[in-house]
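Listed below, chain by chain, are the residues.
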Amino acid sequence: MRYAARVLAAAAAPVLALTLAGCGSGDESPRGGDSSPTNSSSSDGGELEGDLTVFAAASLKKTFTQIGTQFEKDHPGVQLSYNFAGSSDLVAQIQQGAPADVFASADEKNMTKATDDSLTASDPVKFASNTLEIAVPPGNPAKIASLQDLAKPGVKLVVCAPEVPCGSATTKVESAAGLDLKPVSEEQNVTDVLGKVIAGEADAGLVYVTDVKGAGDKVEGIEFPQASAAVNVYPIATLKDSRNQAAANAFVEAVTSAAGQRVLADAGFGKP
Amino acid sequence: MTRSSRPGHAAYPRLGLPAWVFVPAALGALFVVLPLVAMLTQIDWSHFGALVTSESSRAALSLSLKTSLASTVLCIVFGVPMAVVLARTRFPGQSVARSLVLLPLVLPPVVGGIALLYTFGRRGLLGHSMEVLGLQIAFSTTAVVMAQTFVALPFLVVSLEGALRTGGQRFEEVAATLGARPTTVFLRVTLPLALPGLASGAVLAFARALGEFGATITFAGSLQGVTRTLPLEIYLQRETDPQAAVALSLVLVAVATIVITLTRRSRTAL
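Line order of the protein sequences matches chains A and B. For reference, each letter of the first sequence is one residue, going 1 to 272 in the working numbering. For reference, each letter of the second sequence is one residue, going 273 to 542 in the working numbering.
Honestly, I wouldn't trust all of these hints.
[Unchecked claim] To be clear about the criterion: a stretch of chain A counts as covered by chain B if any three or more of its residues have a C-beta under 8 Å from a C-beta of chain B, and this derived list gives those stretches:
1. 54-62
2. 85-97
3. 185-194
[To be verified] With the Cβ distance kept under 10 Å, some of the chain A side facing chain B (calculated, not the full set):
4. Asp149
5. Lys156
6. Gly200
Since the hints were derived computationally from the structure, they do not count as laboratory data. A quick note: this is a predicted structure, and the numbers were derived from the prediction, not measured. Glycine included, every Cβ here is placed at the ideal spot set by N, Cα and C.
I would like the entire structure built from these sequences, with the hints used as guidance.
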């Protein structure tokens, strides 16, 4: 019988191992909600109704949920669902045919990917901007006061990798300040940078102003003048494959309206 | 059962498997194989060489192999005694102990990373005492090895414990009655008999360590040559260069396949 067990183990090993190797990076962001084919849009100016799926950059989660709650109150016939993820993930999903009505990107580069593939129905509208800020754990143990302090030896600095938008912004302010930063880690996204600062693993991290504000008293923010060298502009557009163009247009209007802009400003976003 | 009765051999008696079994079996196999084939079709072969031999790719691959090897060794060092204790002794709370040891199997790796952070991080349970001792684990290659060992250890323990249980204790009892000391019995009888189980457990642990992502990114961070293993590099490349990500994924699949095939072959030769 022992042999049988060994055969089983041997047979199971490659299958299991391959699956495991594959699921190591299985943090796929979920696809957006299904918009059912029964979606009806009232294009002739009547009351809006149907499902509306918004694909938005992860940094917009709080503000868009807030704007969306008001939107659903104003248009009771519309059911909103969201997919918040990294902008490049969202573009990739839209390119692969994910059902989405509105796309809001955290940078113009990823919106350009969508317009280049003719996936948008309208010209993208710039609706907000964001700049970098230094985040330190409460009490600022490493006594960071300026961008220059981040280059001091012994300071454990965590930044975004140059491949992602917050990382390319980091590279820009770094060269604007004439510094050569030596981070201990280059993370995949802002959330991972912020996480390491909150946990106290890092002495400082470079994140967006809105991230510092959103983290409340779990981190302290330190502004620096070189931040103006890298301003991220957020564009929003309705998508061509949307089955609910009227509601999609109305949502974009809600984001760019005075009320929508107030919500964004309260969260720390700058003017576009 | 004898060695000649291998499935597929002419000597194997026909067991009359119900025909319908083959339908879900084939579907299941297709479900596993098809995504791999789909990935192959996406590869830009003209640039494949350049993509997988770039500096960052080579750094990630060599780091992955080194750390996975180190964590497999750690899994053997700690996992073999754990499996033996679980398989050969009885103590109160044993089933609870087994469940706890196997917990990383079902835990999302990110949760494992958070747990490690709260234990060995600067502000963690042991972080302060380790800092006093001058040990800095955060953002180091050591942290990568620890994360991999944490998630891979149960694979080795489970395989080996199973092998020890099915193997039984007869030979150990005989050796003991012949006057062999416990250490001699363990090294000369128990371990050699459990070697196939240990080998498949070690391969599983290595493969799991090679694919480790969540615990590493949470606990160790990501820096080229220090903590950015192949899965982390793949995930990062996806941001800017999906082609490179697919090419590197193929490398990971190839390494896993080679390791498993080699081990299986050496085992049939045993």
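> Of the hints stated earlier, which fail here?
Replying inline: 1 and 4
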